[in-house]
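These protein sequence lines map, in sequence, to chains F and A.
Going by my numbering, the letters in the first sequence line up with residues 1 to 231, in that order.
Going by my numbering, the letters in the second sequence line up with residues 1 to 411, in that order.
Where hints are given, some of them may not hold.
What the hints assert, rightly or not - Restricting the straight-line Cα-Cα distance to at most 20 Å, the calculated cross-link-like pairs of lysine to any residue (SDA-like) are:
{"id": "1", "chain 1": "F", "residue 1": "K140", "chain 2": "A", "residue 2": "A22"}
{"id": "2", "chain 1": "F", "residue 1": "K140", "chain 2": "F", "residue 2": "G129"}
{"id": "3", "chain 1": "F", "residue 1": "K140", "chain 2": "F", "residue 2": "L186"}
{"id": "4", "chain 1": "F", "residue 1": "K140", "chain 2": "F", "residue 2": "H96"}
{"id": "5", "chain 1": "F", "residue 1": "K140", "chain 2": "F", "residue 2": "R158"}
{"id": "6", "chain 1": "F", "residue 1": "K140", "chain 2": "A", "residue 2": "F25"}
{"id": "7", "chain 1": "F", "residue 1": "K140", "chain 2": "F", "residue 2": "T160"}
{"id": "8", "chain 1": "F", "residue 1": "K140", "chain 2": "A", "residue 2": "R27"}
{"id": "9", "chain 1": "F", "residue 1": "K140", "chain 2": "A", "residue 2": "A26"}
{"id": "10", "chain 1": "F", "residue 1": "K140", "chain 2": "F", "residue 2": "L122"}
The set of hints was computed from the structure by calculation and includes no laboratory data.
Next come the chains, spelled out residue by residue.
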Amino acid sequence: MELEQVGRVFGEGDAAVHALADATLQVHRGDYLSIMGPSGSGKSTLLNIMALLDRQTSGAYRFDGVDAQSLSEGRRTGLRAHRIGFVFQAFHLLAHRDVTENVIMSMLYNRMPRSSRRSMALEALDRVGLSHRADFLPTKLSGGERQRVAIARAIAPRPTVLLCDEPTGNLDQGTGRSILDLFEELRASGLTVVVVTHDPRVGLQADRIVEVEDGLVELLPQSHRPALSER
Amino acid sequence: MKPSPAARARFDWRDLIAEALAGLFARPGRALLTVLGAVLGIASLVATLGVAHTAGNQIISSFNELSATSVVVTTDRGFFGDNAPQVALPWDSESRLSRLNGVAAAGSMADVNIGGDLTSSVPLNDPLGQTEFQVPMVAASPGLYPAVRGHLATGRWFDEGHSERADRVAVLGAGAAQRLNITRVGQQPVVFVGDVDFVVIGILDDVLRHADLLNSVIVPEGTARDLYDLQSPTTVQIDTQVGAAELIASQAAIAVSPNDPALVRVQSPPSPESLQTQVESDVNALFLVLGAVSLLVGAIGIANVTLVSVLERVGEIGLRRALGAGRRHIAYQFLLESTGIGLFGGVIGASAGVLIVVAVSASNDWTPVLDARIPLAAPLLGAVVGLLAGLYPAWRASRLEPVESLRASGA
Ligand SMILES: Nc1ncnc2c1ncn2[C@@H]1O[C@H](COP(=O)(O)OP(=O)(O)OP(=O)(O)O)[C@@H](O)[C@H]1O
Ligand SMILES: [Mg+2]
Numbered sequence: 001m002e003l004e005q006v007g008r009v010f011g012e013g014d015a016a017v018h019a020l021a022d023a024t025l026q027v028h029r030g031d032y033l034s035i036m037g038p039s040g041s042g043k044s045t046l047l048n049i050m051a052l053l054d055r056q057t058s059g060a061y062r063f064d065g066v067d068a069q070s071l072s073e074g075r076r077t078g079l080r081a082h083r084i085g086f087v088f089q090a091f092h093l094l095a096h097r098d099v100t101e102n103v104i105m106s107m108l109y110n111r112m113p114r115s116s117r118r119s120m121a122l123e124a125l126d127r128v129g130l131s132h133r134a135d136f137l138p139t140k141l142s143g144g145e146r147q148r149v150a151i152a153r154a155i156a157p158r159p160t161v162l163l164c165d166e167p168t169g170n171l172d173q174g175t176g177r178s179i180l181d182l183f184e185e186l187r188a189s190g191l192t193v194v195v196v197t198h199d200p201r202v203g204l205q206a207d208r209i210v211e212v213e214d215g216l217v218e219l220l221p222q223s224h225r226p227a228l229s230e231r
Numbered sequence: 001m002k003p004s005p006a007a008r009a010r011f012d013w014r015d016l017i018a019e020a021l022a023g024l025f026a027r028p029g030r031a032l033l034t035v036l037g038a039v040l041g042i043a044s045l046v047a048t049l050g051v052a053h054t055a056g057n058q059i060i061s062s063f064n065e066l067s068a069t070s071v072v073v074t075t076d077r078g079f080f081g082d083n084a085p086q087v088a089l090p091w092d093s094e095s096r097l098s099r100l101n102g103v104a105a106a107g108s109m110a111d112v113n114i115g116g117d118l119t120s121s122v123p124l125n126d127p128l129g130q131t132e133f134q135v136p137m138v139a140a141s142p143g144l145y146p147a148v149r150g151h152l153a154t155g156r157w158f159d160e161g162h163s164e165r166a167d168r169v170a171v172l173g174a175g176a177a178q179r180l181n182i183t184r185v186g187q188q189p190v191v192f193v194g195d196v197d198f199v200v201i202g203i204l205d206d207v208l209r210h211a212d213l214l215n216s217v218i219v220p221e222g223t224a225r226d227l228y229d230l231q232s233p234t235t236v237q238i239d240t241q242v243g244a245a246e247l248i249a250s251q252a253a254i255a256v257s258p259n260d261p262a263l264v265r266v267q268s269p270p271s272p273e274s275l276q277t278q279v280e281s282d283v284n285a286l287f288l289v290l291g292a293v294s295l296l297v298g299a300i301g302i303a304n305v306t307l308v309s310v311l312e313r314v315g316e317i318g319l320r321r322a323l324g325a326g327r328r329h330i331a332y333q334f335l336l337e338s339t340g341i342g343l344f345g346g347v348i349g350a351s352a353g354v355l356i357v358v359a360v361s362a363s364n365d366w367t368p369v370l371d372a373r374i375p376l377a378a379p380l381l382g383a384v385v386g387l388l389a390g391l392y393p394a395w396r397a398s399r400l401e402p403v404e405s406l407r408a409s410g411a
């Protein structure tokens, strides 16, 4: 994934919000990258563009060497279905479908054989430690549990890129730790992981840290890492 | 499709149905209310068609028996008035028509001008009571009796011999017999018309056609010719076999008046099919409009609710799109939901409509008749209505951008 001077402007004229300006960033296969920065700085905007959920208003974004701008809607959709796993900041679980069905949702539009969907969903739930909640409705889950369902949904179809928007925001130390271990594990198996976070511990685990501030993106030099760990 | 490990199990119809059903069952109360719109429309359509068909059929079956087998030939000048040329029906009309294939019976008749003569059953005036009456006299051929489907209370009908000999015999209609106080014919009672005496040989107590015969004194044609100078029959009643009326009607004029067939009038029953069609179209025209209107209202209801549910489920749509659902997957899902509502409404509506037809029939003592294709086609119609109603909302849903819909859903 390669971003070259990517900008994103919401609205027009006086009301225009420059959520992202000239973001240049390269993410390689198997990278573990974390994106940090204050609230409203444009982290989610950046992640949405990387996930092909949103389109930049300037600059170029290449996914797998292909210019995203040149991709048809169908191709973008196909990449979302097969290559990208996304954990939404707001979870976005369907309230009237149980946990397993919510996880299966990410495999519906995939080339996943129908017969293996359920077992793969249960496996993903097991990896986030939620096997015992498989047939609960999301409304009956705690915030942290919902967050883990969202993570299970993202990893269940075995994407090649995992993009997470605040995946540990609602988790306690222990559960957060186990999710980080999971990311580590996934990364070890070749997955590219990008995590947006406020949590220095999460950020520090990544190979590289990107700082976003007021829409400006910059790679945090290795020398700054100790300072981060003291926060 | 080969079940290879890399089977291309793309989102297919099974997933589509499962997702659409899940969507409907997520809000069962609303889905049912929406179904109600389709139910009302379909039910009123089915009921309308069924009741119309049943009523039409009912009219046919009561009509068939008598009217559909009746052909009447007259010399009415009708439209042309008194100045129109006139032909006389021949005395042998009965035998001419009886030869036609499909004629069950034929008989001629004519009103006899008796010059105001009164009729009585006793030769002398009785000062104590009225014994003289004005009773019309009708001359009839022997075949008239079966042709009007008559029934004799007692005695007999006259025959060819009576007519040829100009015998002074008469058959009394039941009404006339009552006035003249004659109930039996065993003693050969006599009635006087003016000064002329007739032997009563029978009493006619019922006819299915030409009910005026029941109040008349009926005499043989030969007798009327001889005594009253009757010129010709004026009416010929034909009783046809079932289904032959149209054919007979087309041949009757030539049979009785080969030279001037256009001058006789032939009254034939409307063909049963056209009558039924007419009855049905009368009923249908009115109620079909009502049915169509309620169906339209139902369709608007479905469209409306589907649209609302699209707006309400913007988040779900955004999520599905983010998870890789194509525009068409979203469109199909909402289309299928609205079609499902229509189909379900169609099934319930068809059942309700059939029940209404049965109930209406039962309360009228009719036999319910319903074209089997109607209740079968009704769910289909419902589905089509649902499909059409869902087109716009589904299109709207498929146009939504993933990020925007996710954000709009209150994330
Ligand atoms: N659709 C939009 N229209 C207008 N402004 C928007 C829109 N989406 C985001 N913004 C603005 O862009 C800026 C960056 O938003 P973004 O969601 O990327 O922040 P963030 O870094 O993810 O913040 P947080 O840590 O709170 O999630 C914000 O100021 C926000 O108001
Ligand atoms: Mg954010």
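*Where does the structure disagree with the numbered hints, that is, which hint numbers, in rising order?*
3, 5, 7
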